[in-house]
Every structure is written in C-alpha cells, then in structure tokens.
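**Student:** Order-wise, the sequence lines are chains A and B.
Taking our numbering, I'd label the letters of the first sequence as residues 1 to 392.
Taking our numbering, I'd label the letters of the second sequence as residues 1001 to 1160.
No wet-lab data here; the hints were simulated from the structure.
Careful: at least some of the hints might be erroneous.
Over the 10 Å line for every Cβ pair with chain A, so calculated as not near, a few chain B residues [stated by the list, open to error]: (1) Asp1002; (2) Thr1006; (3) Leu1008; (4) Gly1010; (5) Ile1011; (6) Leu1028; (7) Asp1032; (8) Leu1066; (9) Gln1089; (10) Val1125; (11) Pro1127.
Looking from chain B toward chain A, a few residues come up when the C-beta cut is under 10 Å (computed) [as the list claims (entries may be wrong)]: (12) Arg1007; (13) Pro1009; (14) Gly1012; (15) Ala1061; (16) Leu1062; (17) Arg1109.
Every value quoted in this text rests on a predicted model; they were computed, and no experiment measured them.
Think of the CB as a built atom: it goes at the ideal place given N, C-alpha and C, for glycine as much as any other residue.
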Amino acid sequence: MHSVALSLIELGALFFGLGILGRLAGRLGISPVPLYLLGGLAFGSGGLLPLEGIEPFTSVASEVGVVLLLLLLGLEYSASDLVGGLRRSWAAGIVDMVLNAAPGAIAALVLGWGPLGALAMAGVTWVSSSGIVAKVLDDLGRLGNRETPAVLSVLVMEDLAMALYLPITTAALAALGWVAGLRTVAIAVLLLVVVLVVALRYGRLVSALVESPTSEVFLLRVLGLALLVAGIASQLQVSAGVGAFLLGIAISEDTAENAARVLAPLRDLFAAVFFVVFGLNTDPAQVPAVLPAALVLAVVSTATKLGAGWFAARQIGVGPLGRWRAGAALVARGEFSIVIAGLALTTGAVDPGLAPLATTYVLLMAILGPVAARVVEPVHAGLTRRLRPAAS
Amino acid sequence: MDVEVTRLPGIGTKQEITTASGRRLGVLTHRDGHRELLVSAQADPDTSCASVRLTDAEGQALGTLLGAPNLVAQLQDQVREVEGIMTAQFPIATGSPYDGRTLGDTAMRTRTGASIVAVVRDHVVAPTPGPGFVFRAGDLVVVVGTSEGLGQAAAILEDD
C-alpha cells in the first residue's frame, strides 16, 4: 500500500479509536487521560499491533501536545492570581510538595533508580491533575464551597513550582553538571520573575502581539508565538513546556480567555496524541512487574494528598469536613505526572521501568481521585458516627 | 454590609455576604460570564446546599425583585410628606415601544405631569436619568406623580 495512504489510515484509525475511548470516559464520568494511556498501551511496542510510519508525525505532535497543555494552563491563571496565591498559600504549597514528592522519591530510591529517578518520580507523585480536580469540583457542585479556594491555591502553587521544577529536572537529566545546571535554573527563575513583572505591569503589550479581530489570524499568531517561545526555551534547556506556560501567564485576561477558547480543541487533539505516544512507548508486559509498587504508591500518595489538602484548608479556617473534602479533591494525578515522566524518559537518563510505573500509577490515581472526592463525605460521616459514641 | 470577594484562579470570582441569620449567600461569576447563585448549607456552612445557574435576564429579575422594593420604599418615604403624590415602578417589557428609545421620547412630564426619577437596570439604580437615557427591555422605571399621572405613565410605557 502507498505509504501516505497507510499513514492516513493509521492516523484516522487512531483518532477514531481515541474518540470512542473519549466517549466511553464521558459515559463513565472519568477523565479520558487514563483511557488514552490504555489505548496507547494496547498498541505500539509489545502491544497488539505496532503502528508504523506515523512516528514522524506523532513524535512532533506529542511535543506540541505538551506545549499546548502547559500554554493553556498558563492561560488559566493571571499573573495576579499567581502572585496572590504565592503570598497567601506558600505554606500550603511547601507542605504539599514535601508530603507528596516524598513517596515518589523514596519509591525510586528503593527500586534502585538513583537520584535522577527519584527526582522524576518525586514530580510524578507530587503534582495533582488540575484538569481532573477542576472537573470534579464542578461536577460535584463544590465550586462555591469554602475549601475550594484552598484546593485551587494548591493547584496554582504546584503549577508555579513546575516552572522551576521542570528546568531543574531537565538540567539534571541532561547531566549538564553543576555550573551549567545552576545557569539553567537561574535562567528559569529570571524568566519567571520577568514574566510575572511584565504580565502585571505591561500585560497589554504581550496581548497586542497576538491580538487580532479574525480568529484565524489570532489562532495562527498565538500558536506560532507559543511554539517559538517553547523552542527557544527548549534551546536554553529551560524545557519547552515551561516557556509555553510562562507565555500563557504573560498574555493578559481578555486575550487569554479568547486564546484558551480557540486553542482548547487543538490542545485536546495534540495532548491526546501525547498520552497515546506515551502509552505506545510503554511495554504492557512490564506492567505486572511494577503493579505492586504502583499500588503502594497509590495508597501512600492518596494519604499524603489528603494531608496536604487538609492543611491547606485549615490555613484558611475551613471546618473539619471541608478539610477532608479539600484533601480528597486533590488526590487525582494525571497529565502532569505523564509530562514529567515523558520528559525524564526522552533523555534516557532514567531506568526504563519508570514508564510502566508512571503509566500504572496515573491509571490508578486518575480513577481513584474522582472516587475519593465523591466518597469523602459519606466516609467522614460514617467515621464520626462511629467515633462519637465512644468519645461521649 | 461586607461583601467578601474571593478570586478562584481558573474559574472566576466569588462574592459573598453573610446574613444576620448566619447563612452565606453568594454569586459565583465564571470566567465566561455566566453566574451562579450560591446558598450555604445549614448543617455544614462550608458547602453550598444550592448552586443555581442564572442567565443574565434571570439574574436581573432576581436583583430587581430583591432590590427594587427597597428603592420604592425609600422614595415613598420621601414623598409621603407631599399630599397626593405617589411612587410607582413600571417595567419596560420586551416589545414595549420604548425598548431602545430615549427617556426624552416619552415626553412623560409634558403628557402626564409625572416624573421619571430613577431607572433600575442590572441591579443598579440610575438616579435622575436625563432625557438622553436609552431604555432597554428589562429596565424598571420609577415614576413619581399623582395617581392619575401614574396611570397615564403606565399606559404610555406599555403602548405609547
């Protein structure tokens, strides 16, 4: 068969298959991310049917997917959100980081993956999935709750921390050595500060670069600028995603909202490719071997997330039940864990076992997270009912 | 009254008041502009027992229901001293001849002797609107005059 025809058929089948999985996810009320990963696992290396000839497209498309995921995340938040969040909830952010990075890091050390593996796995267990969390809060009608600002501020802090974590990890994985590594981190910090200042003071200027009355021109400009910035950031070893994230922050509010609207479908497309490619590169035969580790990690990091959310909600004076609700809402891990694992794996500096472990872990957590958020209230009610007679 | 404003990053803004009875009432304005009315639960004040999505028109109607009687009561207090003068409020309905036309076009004072002293729009009171004020469907027009004048004013706003 003609190779172009074959590629088109493979791509078409891939997207159509993803569409079916996405609909299934919608029916089940879960995030499509774990199903995309499963879809990827089913095919590709070690899977049922290797997809050949579309790698040139899928490898670029999955990079674009990461750029768009982070760009839209940056667009969600304004610079004043981030600075305000930093001022109010730095303590909650630090507690969250310490509690949730630890399980991943310890697991990697126990598995003998060394400090680089520990650094990558720390990120995998640390970061909640802002996509899943926001959707769960909305689905459960909890957006108006008192603990919701605490939940959101933890997400904001994590995303802000990513702007430093990703460059640090990139530098460490590239084995740049201390001097070059520190330079990369310094560039990232400087960029972050510059972007926040520019966005706060001169946000209109960045928006003016992309603003256009026709949505077609606007789309091309935003996407073009994002890929340019991502490419330059990647060249500076700051990581492409971070560049896009910072650009997203710098674009000010009205423009950001329009940009998010026109880019969302593209993000969905390319991010889906990213998750599938990650699954494709993971050998399903390795999943059983890492399953025990993933299960232990899931249990431990559910407990640590509960603790982090509990602390964040207590900081702003929310009652006991609300504190547990905040913790449970944050349990879901998703897109970010995969972005971090993907970043670590492309350098080849970490144990390849990280891919199946991260995939299995995210599969568990993306499903467990929404369940935890739903059952926290009845479980809390049951426990207090059982404990109260004993106490009185 | 203290209105507590909370930014919800990535979602919108929440504005809340705490009532004398200890319940929290709030409006959540999403980034895309749609609004939700929030009422805190009695058992657990950290949650909302109701969150009702409101369209612009519904929000306006609710605001008017809650806000306008106050305004009219205040005006009635003020004009009570003057014998024979009353206050009334008339809506500009969709399809009213004055939807989109100016206050001057009604020639209200000349034709009825009654005066338009305020217009309530989007929960906001525009006091002493000038002749250039453009009415819109959903506006609530507050008129002061004699009972006869008010009757004529209602007729004018309804079908000229």
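**Student:** Could you check that no beta carbon of chain A comes within 10 Å of the beta carbon of Pro1127(B)?
**Tutor:** Its Cβ never comes within 10 Å of chain A, the nearest being 31 Å, so this holds.
**Student:** The output says Leu1066(B) does not contact chain A. Does that hold with a beta carbon cutoff of 10 Å?
**Tutor:** Check passes; 19 Å lies beyond 10 Å.
**Student:** Using Cβ atoms only, decide whether Gly1012(B) comes closer than 10 Å to chain A, and label the hint accordingly.
**Tutor:** 8 Å, holds
**Student:** Would Leu1028(B) pass as off the interface with chain A, using Cβ distances and a cut of 10 Å?
**Tutor:** 5 Å, violated
**Student:** With a cut-off of 10 Å on the beta carbons, see whether Arg1007(B) makes it to chain A.
**Tutor:** With a closest approach of 6 Å, the Arg1007(B) hint holds.
**Student:** With 10 Å as the cut and Cβ atoms as the points, is Ala1061(B) at the interface with chain A?
**Tutor:** 21 Å, violated
**Student:** Classify the label on Thr1006(B) as holds or violated, using whether its beta-carbon is more than 10 Å from each beta-carbon of chain A.
**Tutor:** At roughly 5 Å from the nearest Cβ of chain A, Thr1006(B) sits no farther out than 10 Å, so the non-interface label is violated.
**Student:** Is the interface hint satisfied for Pro1009(B)? The criterion is a beta-carbon contact with chain A at less than 10 Å.
**Tutor:** The hint holds - Pro1009(B) has a Cβ within 10 Å of chain A, the shortest such distance being about 4 Å.
**Student:** Does Arg1109(B) hold up as a contact with chain A if the rule is Cβ-Cβ below 10 Å?
**Tutor:** Arg1109(B) check fails; min Cβ-Cβ to chain A is 42 Å, beyond 10 Å.
**Student:** Quick one: work out the minimum CB distance from Val1125(B) to chain A and report holds if it exceeds 10 Å, violated otherwise.
**Tutor:** 27 Å, holds
**Student:** For Asp1032(B), which was marked as not at the interface, is the minimum beta-carbon distance to chain A over 10 Å?
**Tutor:** Per Cβ check, Asp1032(B) is inside 10 Å of chain A; nearest 7 Å; violated.
**Student:** Taking 10 Å as the limit, does the beta-carbon of Leu1062(B) come near enough to a beta-carbon in chain A?
**Tutor:** 16 Å, violated
Comparing the model with each earlier hint shows violations of hints 2, 3, 4, 5, 6, 7, 15, 16, 17; every other hint is respected.
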